Amino acid sequence: MLNNQQFVRFDKVDKSYDGKVLVVKDLNLDIAEGEFITMLGPSGSGKTTCLMMLAGFETPTNGEIYLDSNPISNIPPHKRGIGMVFQNYALFPHMTVYENLAFPLRVRKVSKDEIDKKVDKALSMVSLTGFENRMPGQLSGGQQQRVAVARALVFDPAVVLMDEPLGALDKNLRESMQYEIKHIHESIGVTVVYVTHDQGEALTMSNRIAVFNDGKVQQLSSPDKLYEEPVNSFVAEFIGENNTFGGQVTNFSKEKCKVKLDDGSEIFANPITVKSNGDKTTVSLRPERALINTKEKMDNNFKGKIEEVIYHGDHTRVRLNLLGNKEFILKVPNSSANMDIKLGNQINVSWNSHDARALDPK
Amino acid sequence: MSSETRQILTTDGIPLEVSLKKAERKNKIKAFLLVAPLLLFLLITYIFPIGDMLLRSVDDKMVTEMLPKTFKSMEDWDGNEMPPEEVFEAFYLDFQKLVEEKRDGKLSTQLNYTKNGFKSILKKLRRKAKNFEEGNYKEQIMAVHKRWADVEYWRAIKRRAPAFTSSKYLKGMDMYKNEEGKIVSVEEDRRIHRVLWLRTLEIAFFVTLLCFLMAYPIAHLLATLPMKYSNLLMICVLLPFWTSLLVRTASWMILLQQQGVVNDFFVMIGLVADDNRPEMMYNKTGTYVAMTQILLPFMVLPLYSVMKTISPSLMRAGKSLGGTPFVTFWKVYFPLTIPGIGAGCLLVFILAIGYYITPALVGGASGTLISNQIAFHMKSTLDWSFASAMGLMLLAGVLAIYWIYNKLVGIDNIKLG
Chain A
0 MLNNQQFVRF
10 DKVDKSYDGK
20 VLVVKDLNLD
30 IAEGEFITML
40 GPSGSGKTTC
50 LMMLAGFETP
60 TNGEIYLDSN
70 PISNIPPHKR
80 GIGMVFQNYA
90 LFPHMTVYEN
100 LAFPLRVRKV
110 SKDEIDKKVD
120 KALSMVSLTG
130 FENRMPGQLS
140 GGQQQRVAVA
150 RALVFDPAVV
160 LMDEPLGALD
170 KNLRESMQYE
180 IKHIHESIGV
190 TVVYVTHDQG
200 EALTMSNRIA
210 VFNDGKVQQL
220 SSPDKLYEEP
230 VNSFVAEFIG
240 ENNTFGGQVT
250 NFSKEKCKVK
260 LDDGSEIFAN
270 PITVKSNGDK
280 TTVSLRPERA
290 LINTKEKMDN
300 NFKGKIEEVI
310 YHGDHTRVRL
320 NLLGNKEFIL
330 KVPNSSANMD
340 IKLGNQINVS
350 WNSHDARALD
360 PK
Chain B
0 MSSETRQILT
10 TDGIPLEVSL
20 KKAERKNKIK
30 AFLLVAPLLL
40 FLLITYIFPI
50 GDMLLRSVDD
60 KMVTEMLPKT
70 FKSMEDWDGN
80 EMPPEEVFEA
90 FYLDFQKLVE
100 EKRDGKLSTQ
110 LNYTKNGFKS
120 ILKKLRRKAK
130 NFEEGNYKEQ
140 IMAVHKRWAD
150 VEYWRAIKRR
160 APAFTSSKYL
170 KGMDMYKNEE
180 GKIVSVEEDR
190 RIHRVLWLRT
200 LEIAFFVTLL
210 CFLMAYPIAH
220 LLATLPMKYS
230 NLLMICVLLP
240 FWTSLLVRTA
250 SWMILLQQQG
260 VVNDFFVMIG
270 LVADDNRPEM
280 MYNKTGTYVA
290 MTQILLPFMV
300 LPLYSVMKTI
310 SPSLMRAGKS
320 LGGTPFVTFW
330 KVYFPLTIPG
340 IGAGCLLVFI
350 LAIGYYITPA
360 LVGGASGTLI
370 SNQIAFHMKS
380 TLDWSFASAM
390 GLMLLAGVLA
400 IYWIYNKLVG
410 IDNIKLG
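Protein sequences, first through last, are from chains A and B. Counting from 0, one number per residue, gives the positions in the first sequence under numbering that gives the first Met the number 0. Counting from 0, one number per residue, gives the positions in the second sequence under numbering that gives the first Met the number 0.
Treat the hints with caution; some may be incorrect.
What follows is a set of in silico ranges between Cβ atoms, one per label pair, in the way DEER data are often shown [said to hold, decoys possible]:
#1 A:S139 - B:I46: 29 to 35 Å
#2 B:L224 - A:A31: 58 to 64 Å
#3 A:Q137 - B:I268: 42 to 48 Å
#4 A:N171 - B:M226: 34 to 40 Å
Here are the simulated EDC-like cross-link-like pairs (lysine to aspartate or glutamate), alpha carbons at most 20 Å apart as the crow flies [as the list claims (entries may be wrong)]:
#5 B:K227 - A:E98
#6 B:K330 - A:E131
#7 B:K176 - B:E138
#8 B:K60 - B:E16
#9 B:K330 - A:E98
#10 A:K116 - A:E98
#11 A:K116 - A:D169
#12 B:K122 - B:E138
#13 A:K24 - A:D10
Sample of chain B residues with no beta-carbon within 12 Å of chain A, all distances over it, derived [unchecked claim]:
#14 L37
#15 I120
#16 K176
#17 R315
#18 S319
Hint data in this document are derived by calculation from the structure and do not stem from the laboratory. If you're wondering where the values come from, they're calculated on a predicted model, not measured in any experiment. Glycine included, every Cβ here is placed at the ideal spot set by N, Cα and C.
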């Protein structure tokens, strides 16, 4: 990419509201031009605070934020030229859709013709042409959200911030809006900083995801890496489903280590954060990486008792009691080969040590 | 339902509409019974007194009833020349009856209102009438006093014939019906009511304006501050509500008088000389200050209740879209508060226009309002019909303002909380 890799830069940013607790701790984050980056985390993890600092509604307690290499801490929000989509849309209820979209252009003293043209373009982008004279109250939630997106983009900002924009929509609408926003991003190439606590949303939309917890970025990487290769047990736990085993490293090597579990059995795992024998660890394994009754050769093979079977249509979820973990989940694809999945049966479960990641203890 | 569409029946064969009405009747009766006490209360304490006031303000039946025969005989008299004999005879008979019932004093008071000089000639007539002979009353009466031979006085009597009169309303606007029946203004030096009406409007307007200017920032603070501070501020706003109106006004008297706290303070900081203390009470200033303070909560509360519902993210959105704080306030925040402004202004203006105690206590001569005049006529002159007339004029004024407001802003946009 030839784009500016440090288009937005958080440099050692701290934020505290009360002088006692740091909401954001030593945040360093580079966002490339044209990137779709998502800040993902549980509520209270500091992600919205970061967004508000970028928008200019909060000031960093320490550190500096750069936009295109210019420090922006002392620039008021209205001069930053950053578009923002709010969780509750924040459309001006007393203005029509047209006036809402024209607002950012009017304050910039754009000519009437130009305004008409740009509003038209923005509305067609969110497929709401013909809604110019409606009041926001006459629109459905999804339509309001699209107007809000169009309004944030109509003045061609360099960066658009989205603060859980789909949180108030129902599931189906949310999914179609995810694609719509993604397509808009792809077609106009604007830099998007997106905040959400919904991991599915983050995984489908983003170029990169920054997982926030406790005021810190836990991992910053592409969606697939985040899912396949979580760097610590928080990320592993937070993104997707996860089976965990608590234990202690007994036979450490760089490629593979042996972990002695709390119930005495030993498994092979892929050492990620553990460094030496005796380290406490949590081994994380994705449900779809464990196979039953497989003929493939794998280095972890154990027997487990089926505790619960839940039918999901395309797959069946099986809860096992395995190696002392009563919450071990398996996803069995819906195919004729797996017929002996019955409550109480003992089955063989296997997985590769490479997929079992030995992370920091919980 | 058009005649062509088939009537829908319930499973029992009753038309659906009938069935529905029957089912809802019970609820309707229940609802009405719940409302009934309030309705009755309103009827007795509000609609009935106002209706009574309306009647009283135009009622002129007293004279009509005292001289029934006279007015009947006057029906054919055009009023240009002296009335014919029948009128004199009828008047004599009516008058004699009143003398017997000892009601002639009332008549003379009433007629004297219409034209000065009736009192003495009626007195004289009563004395002389004892010795009247039957027949030819015209000459006998005209002989009593030369004014009885003056057609002006007979016209004055005729003017009192209608059972209803607008004279009280005209008087309220410093006007009257002259002898020719035309409506004219009284002489300039006797116009007192117009000044009062104008002053009432002026004071109500400026008090509303002052209240608005002061209440807007307070309400904004109340709506945006964190809970613990806004609660405290709210108590400060409401505190005056918990104090008696009289006490509050009295405390303003203590503050504003010439040897009062405010003046002392001005002298202390050298703003005014000790021997040149400004008069801040018993004039308009006192009325303005005290009324603004007292009516302030009525502006703050509607504004607050509207501002509370405006999401702070709207201001943020405005700023993020490039609006300066002022533009964002003016284009986004302010228009959204208009329902509250309307409600507050209407409330304060209507309260101010009929304000009584405060101007009476701190207003002095130049700071009293029309309601003080109404009270004066109710308590001192006992001219209740005049007081009623002015009260109704005030009410009509308020309704007119309400109407104008509805045309300008729309009453649906009002928000009291």
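Hint by hint, here is what the structure shows:
1. A:S139 - B:I46: 29 to 35 Å: For S139 (chain A) and I46 (chain B) the Cβ distance comes to about 46 Å; the hint is violated.
2. B:L224 - A:A31: 58 to 64 Å: violated (41 Å)
3. A:Q137 - B:I268: 42 to 48 Å: violated (58 Å)
4. A:N171 - B:M226: 34 to 40 Å: holds (37 Å)
5. B:K227 - A:E98: violated (37 Å)
6. B:K330 - A:E131: Measuring from Cα to Cα gives roughly 19 Å; hence the hint holds.
7. B:K176 - B:E138: violated (30 Å)
8. B:K60 - B:E16: Not satisfied, since the Cα-Cα distance of roughly 52 Å exceeds 20 Å.
9. B:K330 - A:E98: holds (11 Å)
10. A:K116 - A:E98: The given pair, whose Cα atoms are some 13 Å apart, holds under the 20 Å limit.
11. A:K116 - A:D169: Violated, at roughly 32 Å.
12. B:K122 - B:E138: holds (18 Å)
13. A:K24 - A:D10: Answer holds: K24 (chain A) to D10 (chain A) is near 11 Å, not above 20 Å.
14. L37: Fine: 33 Å to the nearest Cβ keeps L37 (chain B) off the interface.
15. I120: holds (71 Å)
16. K176: At about 52 Å from chain A, K176 (chain B) clears the 12 Å cut-off, so the statement holds.
17. R315: violated (6 Å)
18. S319: Check fails; 4 Å does not lie beyond 12 Å.
In summary, the numbered hints that this structure violates are 1, 2, 3, 5, 7, 8, 11, 17, 18.
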